[in-house]
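**Student:** Since chain A is already given, all that's left is putting chain B on it; use the hints.
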Amino acid sequence: ELKVEQNPLFLSMQEGKNYTIYCNYSTTSDRLYWYRQDPGKSLESLFVLLSNGAVKQEGRLMASLDTKARLSTLHITAAVHDLSATYFCAVDIYNNNDMRFGAGTRLTVKP
Amino acid sequence: NAGVTQTPKFQVLKTGQSMTLQCAQDMNHEYMSWYRQDPGMGLRLIHYSVGAGITDQGEVPNGYNVSRSTTEDFPLRLLSAAPSQTSVYFCASSTRTGKVDGYTFGSGTRLTVV
Chain A
517 ELKVEQNPLF LSMQEGKNYT IYCNYSTTSD RLYWYRQDPG KSLESLFVLL SNGAVKQEGR
577 LMASLDTKAR LSTLHITAAV HDLSATYFCA VDIYNNNDMR FGAGTRLTVK P
Chain B
243 NAGVTQTPKF QVLKTGQSMT LQCAQDMNHE YMSWYRQDPG MGLRLIHYSV GAGITDQGEV
303 PNGYNVSRST TEDFPLRLLS AAPSQTSVYF CASSTRTGKV DGYTFGSGTR LTVV
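Residue numbers (this note's numbering), protein chains in the order written: chain A, 517 to 627; chain B, 243 to 356.
Next up, chain A with everything else stripped away, as it sits in the complex (with noise of 0.2 Å):
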């Protein structure tokens, strides 16, 4: 069965701090999005992945890929709190545009 699967799915810390978000999924695909979602709003595409060993920077936010591990990362660097959203990995199956999502890691990034 098909599984993309994020953790932590709850993610509370503090301004400063740092921390990393996981995306593991169990088929093959070399295409791995990142998308943000502010509460009662539409999805934000932050990264897209393309490749194993790719790697992409937004301000604080950094997320790589490893395809032969099937894990994407997404890294918070000294978080503060307009950082707090939902983050969602969404996987390409088979490369083919049938995108299956991550359940979500809530972000809240307290003073």
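It is worth saying that the hints were derived from the structure and are not from the lab.
One thing to keep in mind: the hints can contain errors.
Derived Cβ-Cβ restraints for the label pairs, each shown as a range [said to hold, decoys possible]:
#1 B:305 <-> A:540: 27 to 35 Å
#2 B:325 <-> A:574: 38 to 46 Å
#3 A:554 <-> B:319: 25 to 33 Å
#4 B:269 <-> A:594: 33 to 41 Å
#5 B:325 <-> A:534: 38 to 46 Å
#6 B:328 <-> A:533: 33 to 41 Å
#7 A:594 <-> B:312: 41 to 49 Å
#8 B:249 <-> A:594: 38 to 46 Å
#9 B:262 <-> A:596: 39 to 47 Å
#10 B:352 <-> A:525: 16 to 24 Å
#11 A:578 <-> B:305: 34 to 42 Å
Within a straight-line C-alpha distance of at most 30 Å, the following computed BS3-like cross-link-like pairs (lysine-lysine) qualify [as the list claims (entries may be wrong)]:
#12 A:557 <-> A:533
#13 A:557 <-> A:519
#14 A:557 <-> B:256
#15 A:626 <-> A:584
#16 B:256 <-> A:533
#17 A:533 <-> A:626
Ideal placement from N, C-alpha and C gives every residue a C-beta, glycine not left out.
**Tutor:** Just chain B now, kept in the frame of chain A:
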């Protein structure tokens, strides 16, 4: 540039009623899809289309129909609404490969079936 437009934003249906959720994009994207979002379950793919005249089923297609007569429009039809279809529905579009910017999502339709 409107991007992906979904209508309506909110809808309440009675069990057994039918309705169509509208989705339109103005980016000339080949690929369009419908997802439903339920608490704690992320987004689940209902149906998708890789171009006009072509549709396919996703993870949870039962109870939903789609068609793709034009590149711009991808409506989702509920033929006989059930309480289990209470959810938030998102439409998304991308280029065929989605490689450049990922997928663009609409603002969502919050559907309640009573």
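**Student:** Can you name, in rising order, the numbers of the hints this structure does not satisfy?
**Tutor:** Those not satisfied are hints 15 and 16.
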